[in-house]
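Protein chains: 2
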Amino acid sequence: MSTPTPGTGIYLVANSASTAGRPLADIVADAVAAGVGTIQLRCKDLSAREFLAEATACAEHTADRALLLLNDRVDVYLAGRAAGIRVDGVHIGQKDLPVELVRSLIGPDAVLGLSASTEEHFAAVSTLPAGTIDYLGTGAVRATPTKKDHPTPLGFSGLTSLISQAPLPCVAIGGLGSGDAGEAHAAGAIGMAVVRAICSAENPRDAAAALVDEWTRASRTVNA
Amino acid sequence: MSTPTPGTGIYLVANSASTAGRPLADIVADAVAAGVGTIQLRCKDLSAREFLAEATACAEHTADRALLLLNDRVDVYLAGRAAGIRVDGVHIGQKDLPVELVRSLIGPDAVLGLSASTEEHFAAVSTLPAGTIDYLGTGAVRATPTKKDHPTPLGFSGLTSLISQAPLPCVAIGGLGSGDAGEAHAAGAIGMAVVRAICSAENPRDAAAALVDEWTRASRTVNA
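Residue numbers (this note's numbering), protein chains in the order written: chain Z, 1 to 224; chain G, 1 to 224.
Just chain Z, with the same shape it has in the complex:
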């Protein structure tokens, strides 16, 4: 059995500013226990040292069970690896460091995801050497308060159209949650990223379990 593409299934963007005051690592633990396969830590409000501490705490829950990716801060990833922490890679956006430099810094085995949501982004990705990027984060499907700078929402029809042109597997993102897995899967996404649907849920574990179940059913329906 081959390893699935990073980002497959339900993908939690664990946003330190969206936890309603609860420890981020607790929410990550709940998500992993519920079967979420990829965790991206997004800690724009934290210092590098605090981010590394969060990654260290979360790695205890993700190691050997889920992928742990860090948003933007390649140095926190490298420091974590140097300190022996099980972080698996980074996810970067169009305003972060250029992807080829990031790949050269993290090495060939680390997971590298890139936010790419326009035909121009896709064209740039197409010029990169094979293996530079593992998956694309594509959206926003809907408007979301989590990211202020997202482009005009695509909707599921826009997502479907965009993914059909994508040079790499896409994870759908942007205001997604309960009830969306079927449409995200049908749009061609390999995974569905959520932020508030788990981070801000009253019971993050139940919310994550329901999303994982929804995604699993969507996958079975199509593959049947």
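Simulated from the structure, these hints should not be mistaken for lab results. One should not assume that every hint holds.
[Unchecked claim] Covered stretches of chain G (chain Z as the covering partner; in silico rule of three or more C-beta atoms under 8 Å from a C-beta of chain Z):
| # | region |
| --- | --- |
| 1 | 40-53 |
| 2 | 66-80 |
| 3 | 97-105 |
[What the hints assert, rightly or not] Pairs of lysine to aspartate or glutamate, EDC-like flavour, derived with a Cα cap of 20 Å:
| # | chain 1 | residue 1 | chain 2 | residue 2 |
| --- | --- | --- | --- | --- |
| 4 | G | 44 | Z | 45 |
| 5 | G | 95 | Z | 50 |
| 6 | Z | 95 | G | 50 |
| 7 | Z | 44 | G | 45 |
| 8 | G | 95 | G | 120 |
Only a predicted model underlies this, so the values are computations on that prediction, with no experimental measurement involved. For each residue, glycine too, the CB sits at the ideal point set by N, CA and C.
Since the structure of chain Z is provided, determine the placement of chain G on it from the hints.
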């Protein structure tokens, strides 16, 4: 002639949010032309990609003339080096990545400065292997609007007392500018860091030249 300790003399913290709308690289060019020996780029309001672009632009002015250090973002430093840009090191604070990890990431030849302004900070520095840190940034001498989280201002008497206990050469920082070089030098600092005194000056080059002249005279007076 041996190379002076990094941070010696007038040290510009080129803060991207303090330029009154002028290009940061223009201010850095002015400072280097006036004889400023160390430039630290502090770009908290910029993305990693924008920070790298600023470093690239500034390196054209600093290469072979002044040290170019980057604040906090070790990944931007590493990306710059990987891209062939002449960046010389990083300056980190107590909330940034742990210093030993940073040293392991940047290698033995890069310059590494650390903000350290209490006896507790000094005690932690004293436990580090020799060569981990090149110099300390010590302050705030005065309150400053540039950094919101600085400790209680030391004044020059507090600075003198603190530097007398420091395990490494100290660069004085915090609200310093015209007329302060004599007292900063007399306090035992190897250099004087300024932000607004150059970044926000009507004529950054003249302001930098006056500070360099002031520091040079202070050094000569003591050494005479």
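Are any of the numbered hints broken by this structure? If so, which, sorted upward? Structure breaks no hint.
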